[in-house]
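Protein chains in written order, with full-length UniProt numbering: chain A, 1 to 210; chain B, 1 to 210.
Derived lysine to aspartate or glutamate pairs resembling EDC-like cross-links, with alpha carbons at most 20 Å apart:
hint, chain 1, residue 1, chain 2, residue 2
1, A, Lys83, B, Asp208
2, B, Lys27, A, Asp181
3, A, Lys121, A, Asp134
4, A, Lys17, B, Glu191
Since the hints were derived computationally from the structure, they do not count as laboratory data.
Protein chains: 2
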Amino acid sequence: MDKKKNISMAVIRRLPKYHRYLGDLMKNDVDRISSKELSEKIGFTASQIRQDLNCFGDFGQQGYGYNVSELYSQICNILGLVKLYKTVIIGAGNIGQAIANYTGFEKLGFELKSIFDVNPKLIGLRIRDIEIKDIDYLPDFLKENTIDIGIICVPSINAQKVCDILVKNGVKGIWNFAPVDLVVPDDVKVEGVHLSDSLLILSCLLNDME
Amino acid sequence: MDKKKNISMAVIRRLPKYHRYLGDLMKNDVDRISSKELSEKIGFTASQIRQDLNCFGDFGQQGYGYNVSELYSQICNILGLVKLYKTVIIGAGNIGQAIANYTGFEKLGFELKSIFDVNPKLIGLRIRDIEIKDIDYLPDFLKENTIDIGIICVPSINAQKVCDILVKNGVKGIWNFAPVDLVVPDDVKVEGVHLSDSLLILSCLLNDME
Numbered sequence: 001m002d003k004k005k006n007i008s009m010a011v012i013r014r015l016p017k018y019h020r021y022l023g024d025l026m027k028n029d030v031d032r033i034s035s036k037e038l039s040e041k042i043g044f045t046a047s048q049i050r051q052d053l054n055c056f057g058d059f060g061q062q063g064y065g066y067n068v069s070e071l072y073s074q075i076c077n078i079l080g081l082v083k084l085y086k087t088v089i090i091g092a093g094n095i096g097q098a099i100a101n102y103t104g105f106e107k108l109g110f111e112l113k114s115i116f117d118v119n120p121k122l123i124g125l126r127i128r129d130i131e132i133k134d135i136d137y138l139p140d141f142l143k144e145n146t147i148d149i150g151i152i153c154v155p156s157i158n159a160q161k162v163c164d165i166l167v168k169n170g171v172k173g174i175w176n177f178a179p180v181d182l183v184v185p186d187d188v189k190v191e192g193v194h195l196s197d198s199l200l201i202l203s204c205l206l207n208d209m210e
Numbered sequence: 001m002d003k004k005k006n007i008s009m010a011v012i013r014r015l016p017k018y019h020r021y022l023g024d025l026m027k028n029d030v031d032r033i034s035s036k037e038l039s040e041k042i043g044f045t046a047s048q049i050r051q052d053l054n055c056f057g058d059f060g061q062q063g064y065g066y067n068v069s070e071l072y073s074q075i076c077n078i079l080g081l082v083k084l085y086k087t088v089i090i091g092a093g094n095i096g097q098a099i100a101n102y103t104g105f106e107k108l109g110f111e112l113k114s115i116f117d118v119n120p121k122l123i124g125l126r127i128r129d130i131e132i133k134d135i136d137y138l139p140d141f142l143k144e145n146t147i148d149i150g151i152i153c154v155p156s157i158n159a160q161k162v163c164d165i166l167v168k169n170g171v172k173g174i175w176n177f178a179p180v181d182l183v184v185p186d187d188v189k190v191e192g193v194h195l196s197d198s199l200l201i202l203s204c205l206l207n208d209m210e
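Same shape as in the complex, but just chain A:
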């Protein structure tokens, strides 16, 4: 684990895919796999895989390949999936509701503790038994509850304001769905999902073919 601090963002971005494929192999009772076989499944080159996995320990043995469960548990470790994360959603519009309704994140260890919105029509409603609360109560809620990740699903114009409240009250992880680049201190980590950006990349690729 000593090597962990040096893992580049490029490698980190590939880790969830390793996690997904190795999880499937475990489900199919595969005990070990060579970098070549893994390469055929996952689509990275065998050399890339060896390089990536070498970043965080000495796995693969020449002529034996990787021990799947050992590698999987090490990747879970690096991804931080060995503990639970408490989350809140701010913004109970389309995307906020979709995320609140999706139970898959909980299976990975991300527990939704509360949902906040400004809209009086939404406040008091429940999504999977979690009540939507008035956003005015957010600072107090964060003082009373330790929250690891704030999921920002408000319109762009309010995203930085919401982010500032989260950061001020000790939230260190921000999952941002608003198409803006948030300003945070160094000890706060932001990961963004920009749906429009993703759609534009697709239209660019389509346009490129013509």
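With chain A held as given, fit chain B onto it using these hints.
Quick look at chain B alone, frame taken from chain A:
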């Protein structure tokens, strides 16, 4: 535009951000901007910006900077935002409904033509006046209507099957929300949004701090 074919994926992935920032500058009536000023706003280095923008034409003049509206319209051009795209959503669950409800994509030129699902409880319902249709009707619908982009929001296990129907019926763009890697012919472009992967990257970053 001759240079366009050579634009790397890394540059393409940055283009939506240029599009977003230049759009804001236009709204604020900014006529021109230097790579240094743009760098301060957008967070890429000035040298990176000059390199990126040089990929698709001769903009910026020494000592003058970039003509904002000219650059914006060229980026729109490269992103393929000079025409309309017809889309269908397959899977009217949480994320499918969220996307169907979001009107922002239409403003960019992506028009939702229909929504399909297998669930009899959903079939016949309407989202923003668009009826959810039985997925059995998808092949016929695609034969009768030219669709540019299929938005896959079905569970992983059904995603490749849906993708195959889309591809077989001439859809060239796939926007994939299922956490699987789809197999498509070379002339079909896939852009994926893997929400769980994004959340795992965040937990990895949080874990890395400790």
